[in-house]
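2 protein chains.
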Amino acid sequence: MRRLGDGVEAALHCAVVLAALPTNKVLTGKNLAELHGLSESYLLKHLRALTTACVTEAVPGPRGGYRLTRPAADISMLDVVEAIDGKDPAFVCREIRQKGDVTTNAQCAYKKDCFIKRRMLAAEALWRDALRNQTLQDMLDDGVVEIGDHNKEAVEAFVAEKQR
Amino acid sequence: MRRLGDGVEAALHCAVVLAALPTNKVLTGKNLAELHGLSESYLLKHLRALTTACVTEAVPGPRGGYRLTRPAADISMLDVVEAIDGKDPAFVCREIRQKGDVTTNAQCAYKKDCFIKRRMLAAEALWRDALRNQTLQDMLDDGVVEIGDHNKEAVEAFVAEKQR
Chain A
1 MRRLGDGVEA
11 ALHCAVVLAA
21 LPTNKVLTGK
31 NLAELHGLSE
41 SYLLKHLRAL
51 TTACVTEAVP
61 GPRGGYRLTR
71 PAADISMLDV
81 VEAIDGKDPA
91 FVCREIRQKG
101 DVTTNAQCAY
111 KKDCFIKRRM
121 LAAEALWRDA
131 LRNQTLQDML
141 DDGVVEIGDH
151 NKEAVEAFVA
161 EKQR
Chain B
1 MRRLGDGVEA
11 ALHCAVVLAA
21 LPTNKVLTGK
31 NLAELHGLSE
41 SYLLKHLRAL
51 TTACVTEAVP
61 GPRGGYRLTR
71 PAADISMLDV
81 VEAIDGKDPA
91 FVCREIRQKG
101 DVTTNAQCAY
111 KKDCFIKRRM
121 LAAEALWRDA
131 LRNQTLQDML
141 DDGVVEIGDH
151 NKEAVEAFVA
161 EKQR
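Heads up: the protein sequence lines correspond to chains A and B, in order. Heads up: the first sequence is residues 1 to 164, going by the numbering used here. Heads up: the second sequence is residues 1 to 164, going by the numbering used here.
Everything labelled a hint here was simulated from the structure, so no lab data went into it. There's no promise every hint is true.
Any copy will do: because identical chains look the same in the list, a pair fits if it lies in one copy or spans two.
[Stated by the list, open to error] Only pairs whose alpha carbons sit at most 30 Å apart, straight line, appear in this in silico DSSO-like list of lysine-lysine: (1) 162 with 87; (2) 45 with 162; (3) 117 with 87; (4) 99 with 162; (5) 30 with 87; (6) 112 with 30.
Work out the full structure: start from the sequences and follow the hints.
So, in structure tokens, the structure goes:
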């Protein structure tokens with residue numbers, strides 16, 4: 001599989017942090033960049049992509065920032081990944097089976113999709129379905145169990161101070 | 001998911017054609033290019049990648065060409081895909097959770113892999129496992145059922161004439 005965009009990791013981490021905010025509270029791109037040790041300009045590109053995909057919304061103004069558009073249980077990992085990386089299939093079928101002068105180019109000979117294409121797209125669908133069936137809420141739940149007390153408290157204190 | 005290399009489709013089609021050859025027979029890159037309507041130089045790059053990955057072997061000399069290194073049932077779709085596109089994971093974890101000055105960088109705080117990484121890699125594994133569990137023989141069997149008589153006979157005649 002080709003590498004996903006490196007913004008995917010940052011976008012998922014930011015989305016999980018935003019998922020933990022109280023309703024209607026926001027964090028700025030600067031806050032999210034500081035929390036994750038990333039440059040603000042790098043992160044803003046990906047936050048804009050999340051906003052374009054309606055995963056986040058950008059609240060304008062001096063008290064503005066980013067928040068999720070819907071509850072954490074209604075945003076899948078796939079929503080975030082596709083916001084950054086797009087929805088195109090990974091396998092591109094150029095209908096090679098019809099090219100060349102040996103086989104016919106009469107369309108009636110190709111009623112079904114090529115079996116190679118079908119098998120490749122079915123494999124992709126497993127990946128896509130798995131990410132569609134996991135939500136930001138699932139990852140919040142992971143965090144409750146898995147993040148150590150020190151880091152949990154440090155992030156909570158940072159978010160409590162910065163949210164607005 | 002990012003696009004796979006466009007050589008993946010060509011490599012899979014060529015591998016299926018080679019899978020149908022009698023034992024020890026070969027086809028040249030030129031034959032395979034003609035059959036698929038591709039330029040020989042384009043296809044040779046991908047045939048070399050298949051050979052490097054030990055999916056095919058290149059028999060040298062005036063009677064040379066390409067053949068599979070093992071029976072069709074022992075070569076998975078994943079073998080072919082990874083020959084062209086590599087084996088790197090799609091999701092790259094840069095340990096963002098440890099970056100930034102809010103969280104600690106003490107390694108004892110990160111005993112388990114990040115839950116985001118685990119979930120992303122588990123989804124990829126479904127894709128990879130699906131391709132690992134399908135072989136060139138499965139696609140040969142598809143072809144018997146699905147390829148129309150005209151094309152089946154045309155390809156068989158071409159291969160019978162060109163193989164050596």
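We went through each hint and held it up to the structure:
1. In this assembly of identical chains, residue 162 and residue 87 lie within 30 Å of each other by CA distance neither inside one copy nor across copies; the values are 33 Å within and 41 Å between.
2. For the identical chains of this complex, residue 45 and residue 162 are intra-copy neighbours only, at 21 Å inside a copy versus 54 Å across copies, given an alpha-carbon limit of 30 Å.
3. Both within a single protomer and between protomers do residue 117 and residue 87 lie at most 30 Å apart by alpha-carbon distance, with minima of 17 Å and 20 Å respectively.
4. Proximity of residue 99 to residue 162 under the C-alpha cut-off of 30 Å is restricted to the inter-copy arrangement: shortest distance 18 Å between copies versus 59 Å within a copy.
5. For a Cα distance limit of 30 Å, the shortest separation of residue 30 from residue 87 inside one copy, 28 Å, qualifies, whereas the shortest one across copies, 36 Å, does not.
6. Taking the shortest Cα distances, residue 112 and residue 30 sit within 30 Å of each other only across copies (28 Å), while inside one copy they are farther apart (51 Å).
Hint 1 alone, counting from the list given before, is not met by this structure.
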